[in-house]
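Quick mapping for you: the protein sequence lines, in order, are chains V and W. If you read the first sequence in this note's numbering, its first letter stands for residue 1, the second for the next number, and so on. If you read the second sequence in this note's numbering, its first letter stands for residue 1001, the second for the next number, and so on.
Quick caveat, the hints were computed from the structure, so don't treat them as lab data. Keep in mind that a hint or two might mislead.
Not everything, but these chain W residues come out facing chain V in the computed CB check (under 8 Å) [unchecked claim]: (1) Arg-1076; (2) Ser-1094; (3) Gln-1095.
Okay, the calculated bits of chain V under chain W, using three or more residues with CB under 8 Å as the criterion [unchecked claim]: (4) 200–209; (5) 231–243.
In silico negatives: residues of chain W with every beta carbon more than 10 Å from chain V [stated by the list, open to error]: (6) Arg-1092; (7) His-1104; (8) Arg-1179; (9) Val-1190; (10) Asp-1199; (11) Arg-1207; (12) Gly-1247.
These numbers come from a predicted model, not from an experiment. For every residue, glycine included, the Cβ atom is placed at its ideal position computed from N, Cα and C.
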Amino acid sequence: MNTQTNVVQESALESQPVAPAVMSATRPFFWSVRRELWENRSIYVAPTVVAGVILLGYLIALIHVPRHILEMAAHHKDMPHLTFQDPYNIASGFIMGTALIVAVFYCLDALYGERRDRSILFWKSLPVSDLTAVLSKACIPLLVLPLVTMAITVATHWFMFLLNSAALIARGQSVAALWSRLPLFQMDLQLLYHLFTMHVLWWAPIYAWLLLVSAWARRATFLWAFVPPLAISILEKIVFGTSQFSSLLNYRFSGDAAVNSATAGEFPFDPNMTHLTPGKFLSIPGLWVGLLVAAAFLAATVQLRRYRDPM
Amino acid sequence: MATVIEAHGLRKAYGTTVAVDGIDLRVDEGRILGLIGPNGAGKTTALNAILGLTPHHGELRVLGRDPWKERDQLMRDVCFVADVAVLPRWMRVSQVLDFVRGVHPRFDRAKAESFLAKTAIKRASRVRELSKGMVMQLHLALLMAIDARLLVLDEPTLGLDILYRKQFYDSLLNDYFDRSRTIVVTTHLVEEVQHVLTDLMFINHGRVVLNCTMEEFESRYSEVTVNPDQLAAARLLKPIHERQVFGRSNLLFDGVDRGKLSALGEVRTPSIADLFVAVMGDEKPETAQGAVR
């Protein structure tokens, strides 16, 4: 055992001078993110299960769908994309929706659960700063979940494409129309764009707010997250007769109308992707205001994690 | 000798409740300090300040750092066990080891593994599946494998049966402690730490009531089972506490010469528990005064 220990110590000593600063900065962060995935397996399990259900449903639909509809889909000239794309868009919509629900519940529990079960005392007994801990948690809805959504959706789309082709071949029909007209690659590129503009950048302040509430509330995080904004809207309506606050919230939830056509599943679909306007998106003041608010919420969350006692 | 913890006028209030009311504390390297006090005396609050878990007033340096501002840096050299209930219940044993290894530069996984090999703990078990004693063993494996300079234990053996409690302190003394490490421990079970400690501190109402080394404790305090006919004479020597055991009087003296006391009856060193009762038990101001240094 002694030799083993020496080996470990030696290798640690050897590896340390290579990149000591980088080690200390990124290693705790990396492991903190991994630990979040260990604790919250729903981050990848839930979208995978939903994708499985969609594929099963699609398979059953392909078996049961009458022959003439498939033929129509293959030869209909008026709305070719719609007919082909519809199931694909429904699939990505469901997977995205699942990821959003997972993100909301994850955020609300992220800093509340560790105080409730007092495990925060264990986390704080390790050399991981509150900043690292909070950033690793924020990184789940802002980076991990979008990537998981993307990967699962792409895989689902390809499975659907294979099933679709197999169904056509099994009925002795040509797959040419499907293969030439379904813009699978563009659809997934558009999904990626949508995820990182809307779900990450535009909604960042929403996740940051949920994390803030979970670091602050002593109970009922869900109510604390949603009731105060609702109450402010109602009060404003009653007292001033205006609805500035609720339209602000609505703007945040639904996105900027000027660039909203970039949302996945919008029609008409342009395979050349001219409707994606990152320049326009980046020039919306609301985007940058939102990101500033998100940063402020996260900074407050870090301080709350420092100050709050376990419950 | 290096000073590990230094506090002057350490103070912490929650609203209007003062939990720690001006504690002066100095712990040198290689000492094992026992913080003893009744519930709500401020022990845990003082420890939380030392660990950087709570903001405080007054001067406080731990290993030369301000714990509140540099907790994450400090935790490379400090190991902390609150009680057995704080290990995350969802975590697998192997994940606990992986994670600590990932974030702690002074964690030696091989050491932790060799300690765990002596227990019945399975790597794939989740913490919630382990018994309380096993969770303690897992915690012990972690702190054995972390090359820390200061170990802080807050009621480490709470709720454990006597075998695990004994194993805990035996492992701590035999396998962990050496003169370059320092331990601060709070506990209610004072009997089991009496022979472990090098220093003793009583805290009550957020203040230090008694602070001495164990050598001082042994030379300063004596307990005498006084023969009934000499009770009046013994009382003239101003015992700080008197109790009846099987109809005989046990008197506790502070700073009275043992030669003088041996004439009165059987003299011995009191247990910390007896002194604790004497100092805290009956909250008479004059008896408490007697123990203040």
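Hint check results:
1. Arg-1076: With Cβ-Cβ at 5 Å, under 8 Å, it holds.
2. Ser-1094: Since the shortest Cβ distance to chain V is 10 Å, the answer is violated.
3. Gln-1095: holds (5 Å)
4. 200–209: violated (count 0)
5. 231–243: Not satisfied, violated; 0 residues make the cut.
6. Arg-1092: violated (8 Å)
7. His-1104: violated (6 Å)
8. Arg-1179: holds (20 Å)
9. Val-1190: holds (23 Å)
10. Asp-1199: holds (23 Å)
11. Arg-1207: Its Cβ never comes within 10 Å of chain V, the nearest being 22 Å, so this holds.
12. Gly-1247: holds (47 Å)
Against the hints set out earlier in the document, violations occur for numbers 2, 4, 5, 6, 7.
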